[in-house]
Amino acid sequence: MSQYASLLIALPLISAFFVPIIKAIGKKVVMPFLVLITAIQMGMATWVFNEVYTTGKPIIIMAGGFRPPVGINLYIGHFAALFVLIIAVASFFMAIFSMKAITVEPKDKYAMLSLLLMLGATGMISTGDIFNLFVFMEITAISAYALTAYNKSGEASEAAMKYIVLGGIGSSFFLVGIALIYGSLGTLNMAQIAQLAGQMNPTVAQAALAMLVFGLGVEAELFPLNAWAPDAYQAAPHPVTAMFSAFVVKAGLYALARILYLTHAVGSWGHILRLLIILGTLTVVIGEFSALRQTNVKRMFAYSSISQVGFIAVGFALGTQAGVSASIFHMVNHAIVKALMFMAVGYVALELGGVTLEDFKGLGKVMPLTAFAITVGAISIIGIPLFNVFWSKIQLILAAMKAGKSGVIALILGASLVEAVYYIRLIHLMWFEEGSRERTRIKENFVFGTIMLLLVALIIIIGVAPNMTWNIVQKASADIYNVAQYIKNVPLLPGVSP
Amino acid sequence: MINELMIIIFTPLITGVIAWLLDIKGLREGISILGAAVPLAYLIQAHQTLTSQPSIQYSIVISGFKFEFLLYHLSWIFAMIAGVVGFAAVLGMASTTKDSYEWLFALMSLTGVYGIFLADDLISFFIFWEIMTFGSFMMVLKYNRKASLKYFLLSVLGAYSMLLAIGILYAKVGALDFTTIQQTLYQDAMRGVLGTNTLLSRNDMLLIFGLFLIAFGVKAGMFPLHVWAPDAYSETNQSYTAMFSGVLSKAGVYGMLVIYILLGTRLMYQFGRIGAAPKFGYVIAFLGGITIIVGGLLAALQEDIRKLFAYSSISQVGYILVGIGVGSALSIEAAIYHAISHALFKGLFFLIVATIVLRTGKTEFKDMGGLAEKMPITFAMTFVAILSLAGIPPLVGFASKWLLFEAVIHENMPILGGMIFFGSAIGFVYLIRFTYAVWFGQRPTDLDDTKDTPIPLAIAMGILALLNVVFGIAPGLVATELNKIFGKEIIKGTIWELNIGFGRYNGLLITIWLVTGIVIAGIIYFLGAKVRRVPVTDTYQGGNPVTMEYNLTIRRNFFLPLKETLAFWLRISFDRLYQDIGRWVEDLAETLRNYIYNGNVQAYAWYLAIILLILALWGV
Amino acid sequence: MITSMIGIALKAFLILLYATFVGFMFMGIIRIVTARIHRRVGPPIYQPILDTIKLLSKKSNITHGLIYDFGVLYALGATILALMFIPLGSISILRAYGDLILITFLLEIPMLGIMFAAMSSGNPWAGLGSQRALLTLLAVQVPLGFAIVALAEFYDTFSTYQIVMAQQTAGWSITYLPLLLAAVAYDIVLQAMFGKEPFDIMIAPGEISLGPMVEFGGKHMGILQIQHAIALFAETLFFSNIFLGGAVVTAFASSILNTLASLGILLIKQLAVLLIAIFIGAIFPRFTIDQAARFYWKWPTIIAAAGAILAAL
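Protein chains in written order, with this note's numbering: chain X, 25 to 522; chain P, 41 to 660; chain D, 18 to 330.
Bound conformation, chain X alone (with noise of 0.2 angstroms):
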């Protein structure tokens, strides 16, 4: 029965390749089709979460019947269950987005193309083969590359083109990662690295861990791999730069999470975990500096976003599960609530015709639901109580103060007073301020009002009563950060080894 979560991965690929056939029926199903397709994966993944939650077990999906390390299997634990069902959830969102806010042709290559991306990011996460995390890797940078260039603005083509040089430069550091374990490991398969992590010759090792760090980092936009990101984030059309924020950046840091725990028995993990922690905190620093000034709504968002992803990074770098279950809180919280900022921005520049400050102006009379929505996901991002980011900021915070490190902490609160800086100038804009340009009032549509509004509800009540969301983060961490359940969990083939 479970061996149906693979359709997981099976489904948006088969979609993607029938987008060409649905076009030919006709034009005007595409993107229906993108929506339907979305919404059977929302509701595999709902079905994955709760079988995974419920059973307290993770799913192994083994390719073809073979039992690692001689087969691929995917492995969707407690961390990848959420993770997969954030993805699905934020596709469908973006998909019905996409309906109004995708107005360049050819359409039918942008659904491919975010299915695809859909796919990538899923299969990154609940791949258990580090080759094969390689290969989902390409997919989502690869259909990402298209996708921030799909305005064919020049302006696109040229992040696209940023992202491609810095994007290949990473991966292809992060396969000679890989080739440097299996040539010293001889096994590709995710457990049997961690199982044998141990035994790798000390230098290699180092140097293999080192790539890899690197090769995701780009992923991860930490600073300074991230300098495509801000003109990716903006040039890309609106609803792929909320899945970017969303699930896209997530993937990375997870991928990277799980490499580093994976390894952890190896001798130079401290020194990794120290430079992530310098590379996150810089991250965050120089992102909310670099938000202060933005004139462009989008981009200041794409800043913020990639300093909240800093954030991430130095929890997963604390090398403790309170500093692993804090950074996967935050990953949730911030999946909701950029999904929720880039659709609101996206939004008034499809109404209004820009996202500059100007175009700000005033425009909780002009669209008061959108704005409502970008200041509820502001507030929340700030870390005001009773909204759900406060909750994982300060779980990483004591986190990050109880391993010792108050001096990263002390730098982190500096740049999140940047952070409310530029976001409470924002909410007065819209607000308090009145624009230059008359105005009337937009009528929302009801579609787009109801995602906002869900997704305005999710983060108070996680804020309000973030309980059941812990528990679950709580299950997400001990995913990751327990790896000798995770060896256990993958059924071996036994006496198979290099």
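The set of hints was computed from the structure by calculation and includes no laboratory data. Check the hints yourself; a few may be wrong.
[Said to hold, decoys possible] Taking CB as the label site, the calculated pair distances span:
#1 X:374 - P:596: 23 to 33 angstroms
#2 P:653 - X:226: 50 to 60 angstroms
#3 P:564 - D:272: 24 to 34 angstroms
#4 X:484 - P:89: 25 to 35 angstroms
#5 X:64 - P:241: 53 to 63 angstroms
[Unchecked claim] Sample of chain P residues lacking proximity to chain X, with all beta carbon distances greater than 12 angstroms (derived):
#6 207
#7 488
#8 600
[To be verified] Derived DSSO-like pairs: lysine-lysine, alpha-carbon spacing no greater than 30 angstroms straight-line:
#9 P:182 - X:467
#10 P:603 - D:315
#11 X:426 - P:106
#12 P:106 - X:81
#13 X:467 - P:65
#14 X:389 - P:186
Computed from a predicted model, the values in this text were never measured in an experiment. Idealized CB from N, CA, C, for every residue including glycine.
Mind docking chains P and D on chain X? Use the hints.
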């Protein structure tokens, strides 16, 4: 069953949300007033409960944290301040608020304050601190971006300092609830006395204390962190400011007490004493003293009613800080007493300002004058408030100030004694300026049809004015509650009398003799011939005939000589300093961004190379 | 109960009468002594009483409203209140509550009533005068505060009566260095409290037409004259009590004789305080307000602070 502490804390927020969602005129006011009244009723009821048991407790686990709430004598007193003044402010807002937005956030901040006072662990303390800050910030944001931003940034700076301090404590002690922290630190101090290694080093203690001081100092408006207060207090609904200044600043004061409760023994062991006061307390007290003077002098030089009272608020909180800093049981009781009276008279003052602003639509002294005739009820309230703030017996302002004076001077603190004396004089100075410019003298013709206060505001002012009088004449009422905090009779005496051994004050006696004196004067007055009422223009002007065309009132720059005397000191401004720092950071940020995200893909590729290099070097 | 209340009332009345009378005499003395220093003859000593009676019996009085009347009454009432708290030999009524801080405040309050009344008249001179009076108050408050602090810390009590009693055995306050400094500062402060030159900036006759007093006439002015007389008495009395040993004579068998002797000794001390003020006042010209503030915030403050710090050690 829902716990009563939860009801006290969350009723305002819930009613606020309901009022905001419903947004029906009349209904939202009713609901909100109810939301402020319910906690007050529960608190009054809790007074009964607290006589039979020492405290009321409640705890709940959320998101992996155990939240603990505790209502005992100290928190009850502070919660009552919030209850009474909050209720009065909400009543006042029923007259001055036109927007459900304000109801939501005003009541949210009230919830925050209740939460702070009832919290018994650092996390809930912090959370409600943030809720309070956020609610009040949104109240300011609506009126003025710059003021609100300044307020928010300083508050959040304070909150993050607190968070860091909490984090350090958590890392060392491993717990967040007050009881464990208090006990652990007490034992730690004992360890120190015995000469064994302490859990927390000297630097840790210094850091924790400094961070907490920043956190609470910001909220209390302590010099030099006070710069947000004048702007924030004035740039919002003035009825709300009654709560803002009356109650929210008390959260900072309460925080200072929390420092004593949690860290007192440990800090005292680490840093010792100066004279009778603990050294760390002396820092608080001294900053409090400077706050009194700076706030007071600046209040005298303001040209805007709201700003005057904002600065006055800062100045008055300085007294409370002095009392807390001195750190004897008596001075702490005196400080809390002054916190009560400050909440009462300053709440009253801001409601008066709210009335004036509502009825005249003006805020600057230059546009005012002669309103006493047009607004007799409001003026009567003002009279009580002025006497109370100026510290004139037999009003509550005197009782608390007297207690504070004696407590401080008794501990042999000459410099602080001088500071608070100066503060009381400066109180006269700015109050008379307010009285003169707003209530007396020639009235600008456009204020001729000014109406008196609306009824809800009148009731709100009435409640506070009454308490100002009652707690002054019968100071024993407050003193008995204060004594319960320490569980012994620190202030002896009867309901009318405060007796602290080296000084006595009897409110009733003073009232009787003051009335006697006025009666004697009245007899002389009525023995004389009848009086004839003359208009304001019929005054001595060296023989010149005067008409309404002349401006008879000095409405602007009333204290110009003072300004000239202080010219040198007025050039120093912390507000400007902070703004410069802010601008500098913003410029730096922009430069940084331009260099780093320069848009050049080759540069980006170099970044990658550098990181790879670092990785390679780091690993090997 | 009732007899004791009548007794208290009678005593209060007598004290009031005595204080008023002596106060008026003081006012007369001020005028005579000043005149003699100026080589004039001066009015008879009872002239202020005549002036006051004239003012009170005026047939035509004007008012500027309720506050205008009430402020005047309040000023006199508060002065009487203050008087009751200051030990007068052994006969003061409320001396058990005669707290240093309370009396200091009570002596300042009447000014507030006068200002309220004066300002409500709307006369700009009154406004200007009040401003000056307030700034003077602000200026003197610092040395005054330090002087009080020095006293309270030296004797470790706030009770004026206990301070007086302590001086009976240990000698006058001014024989101790800290309190001598405090006394010097307080005496400089007294100059402003009396409204004498060089600190008569608030009334400044001929410049701002008596400032707060400009608008008063008739019975209002009469009441204020009485208030001034009592205040003069109370302020000198307070100073004599806290710095000059007060007077508690117990040498005679008869309590009446004791009381009279105490009053006599106190009167001499009060006169001494007054005369110093008159001499200084007759010699110096008037300061401007900012000069006064700078002056008070410099020397008297330093002196008094030194006293307070020495007393605290």
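List, from low to high, the hint numbers that the structure doesn't satisfy. When the structure is compared with the hints, numbers 1, 2 and 6 turn out to be violated.
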